[in-house]
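Chain by chain, the residues run as shown.
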Amino acid sequence: MPLHLKRVLAFNVSRNPQRPPSHLLAFSPCILPIRKVSTLPPRATHLSRLQPAHISQLRALLPSSNSVLSTFDNSASSDDLQPYNRDWMAKYEGRSQVVLKPRNTEEVSKVIRWCGENGIGVVPQGGNTGLVGGSTPIHDELILSLSSLNKIRSFDPMSGVLTAESGVILEQADSYLSKQAEGFIFPLDLGAKGSCQIGGNVATNAGGLRLLRYGSLRGSVLGLEVVLPDGTIWNGLSGLLKDNTGYDLKQLFIGSEGSIGIVTAVSILCPRRPKSNNVALFSLPSYEACLKVFAETKSHLGEILSAFEMFDKTAYEAVKRHGGVKKVFEEGKEGGFYCLVETGGSNAEHDSEKLSNLFESLISSSLILDGVLAQDSTQSASLWRIRELCPESLSKAGKAYKYDLSVPVEKMYCLVEHMRQRMRDVGMLKDDGTGKVKSVAGFGHMGDGNLHLNVVATEFSEEVQSAIEPFVYELVAENNGSISAEHGLGAMKAPYISYSQSPTSIELMRQIKQLIDPKGIMNPYKFIT
Amino acid sequence: MRPSLPSLVNILVPVKRSIDYAVKIRVASDGKGVDTTVKHSMNPFDEIAVEEAIRLREKNPKLVTSITALSIGPPKAVDTIRTALAMGADAGIHITTPESAVVEPISVANAIKKIIERAEGKDKFDLVIMGKQAIDDDSGSTGGMLAGLLGWGQGTFASKVAIEEGGKIEVTREIDGGLEKVEGKLPLIVTTDLRLNEPRYASLPNIMKAKKKKIESLKPEDLGLDFTPRFETISVSEPPKRQGGGKVESVDELVAKMKEAGVL
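Respectively, the protein sequence lines represent chains A and B.
Its first residue numbered 1, the first sequence is counted upward by one per residue in this note's numbering.
Its first residue numbered 1001, the second sequence is counted upward by one per residue in this note's numbering.
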């Protein structure tokens, strides 16, 4: 066995020789007691309840007739409020009776000051497209929707700095940028772009499909405007790329999931839109080959590489069965793994020359079994569609438990192999297909070391869940990975933070939360609890 | 005299470089055409034609001797020919025109006719498979004109093509409310409709091989052709903007308005 592969496969062996490999451990939690996701926290006693009498006070703060929706004064029915109370997967549902839609930052500030004075819990909500139950109430918190803060304030074509309000939908921001004479692009792209809002993207530090090329929002966001829990408006909007004067406060709010303030506007650096795009899909025999091809691709394509995505055979089979896509590879040339490569450059001829050199090298080294290159935009979209259909197709294949994990890229697929072995060991995954688990699949953003692990079961059950959790979190913790790469903590993963963060980090986070939101009104029951 | 039982068939597939299907078309600033500084690809109907030629050979390996892709267009039309070669065509012919030249359907038909008449002996073309129309000018007349000029039979808007014993070709056409089958003898022209097949992806090994395949480059003069247009484009304009309608500020307002109108 090559040394390289040995290192990869040996990753799971605990560094502590006293401790058996984690798949042999029973369900003993490794650091802190684990709370089941199904048992959400009880209603906090420090928060007051909203009363019908509050509505007139709120209407006085928000004069527009559409800004207050409540079942207290029959301005909305509980059906009308359901889309705000429930997340899109219908996994989490609160029972708030008040939705507010302020139209500008001052109105947000007034509402938050009022909430602080009255001890009312607030859930900020953008497009409500999250995957961890972070944007819906757990109990009766007031829902503050940012949809009406939807103005683009300014764009400077010289610097590429866009300043826009939180409620602007990601796709609209991107299409606004693409219509500029020189053609710009929003440095973030994700599946939910048609509904998600840029304020929510920043508040959750969303990752998505362009991260490999344009980096994390922590780099491209230049400044923020935030309403603090006491109603103060912090204007940290800046068009500066460099500013080393004190703590970089905006970083505290990026990815804070509404726990210490509400992002009301964002300044973000937007690059030029690539003039030429190419999409290729490779079929590979092993994950080791994926790693080598990834390295080779980076060295050949350099700055024009814009995405490197991976999916395994299990995911591809699900897409073929449930997604209705046309055949890509000849029989006999389908492998255990597939990699999708996208380039975006400024000169089509240069790009195709670079690609052509890469292909020659890949074919002559026999690293790939086969590969295809899209010849037009329609084919590019069809190839992307295979990767984008992975989550949905696996959900159609059964009841899919989904985990968003991040580990060093060379260890990425081992998580899937270990989970598969674990499911076999506990007798749930059987070769004849009669087990409680049908399959274990992996796909994800290989360029970012971000794996989406899916365990497809016949039913959602306590038994299957406790076979997966906390095993999966232990596995990630042992490899210094993250239990939530890009989805955040929200309500779902808040109890498991200790698998990715040390007690010291968690304590520091608690102190920050306490300092900025001493009354504990901001997005309660989630994130840091 | 052609043999009645052709043992060897040479297929000619004309392919056009046109604006990519996914690109949003914009009227050019002079109002006489569209913005062409955008992504171009092979006309989708021609892609179907290339695919069908390759499938006919895959089904009848001994029958089809060669598949030649022909393109008339600016220097970059070579990319379109390369795509056809990467899909599986054997050789290419490129008739070069200046960058912004307009080549009308009758000129294209004449050029294809010249290419067919030029070939001799065992290289004679027996079957032309081409898109029923190009998605840029939507003329849809080249196939018919070519059949007229050559005096060949034609099976238009094909949704299925089969080569039968004795050099007969059966073409299934989609017509209102059903299918029509027509039968013709080689030599023949087939124009392709959308549902004929789903073109394959070009595989990397084939893309590399395609670079080594031969593309013959010709000028219109070499064939004694004159592409001077017979028509002048007076103006190109966008469809009129939709009138009326109002903007609502929020979904709730929309719902309220719809309730008002009694549609909810």
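Worth flagging that the hints you see were computed from the coordinates, not collected in a lab.
All figures in this text were calculated on a predicted structure; none of them were measured in a lab.
Note that the Cβ used here is the ideal one computed from N, Cα and C, for glycine as well.
Don't take every hint at face value.
[Claimed, not checked] What the simulated footprint calls covered on chain B by chain A, stretch by stretch (three residues with Cβ under 8 Å from a Cβ of chain A suffice, anywhere in the stretch; the number is not a length): (1) 1124-1132; (2) 1248-1255.
[As the list claims (entries may be wrong)] A few chain A positions that, by computed beta-carbon distances, are all more than 12 Å from chain B: (3) A76; (4) K101; (5) G160; (6) F282; (7) H322; (8) E349; (9) E360; (10) Q375; (11) E463; (12) G520.
Verification of the supplied hints:
no., hint, in the structure
1, 1124-1132, "violated (count 0)"
2, 1248-1255, "holds (count 6)"
3, A76, "violated (8 Å)"
4, K101, "violated (7 Å)"
5, G160, "holds (22 Å)"
6, F282, "violated (8 Å)"
7, H322, "holds (18 Å)"
8, E349, "violated (10 Å)"
9, E360, "violated (6 Å)"
10, Q375, "violated (5 Å)"
11, E463, "holds (41 Å)"
12, G520, "holds (30 Å)"
Hint violations for this structure: numbers 1, 3, 4, 6, 8, 9, 10, all remaining hints satisfied.
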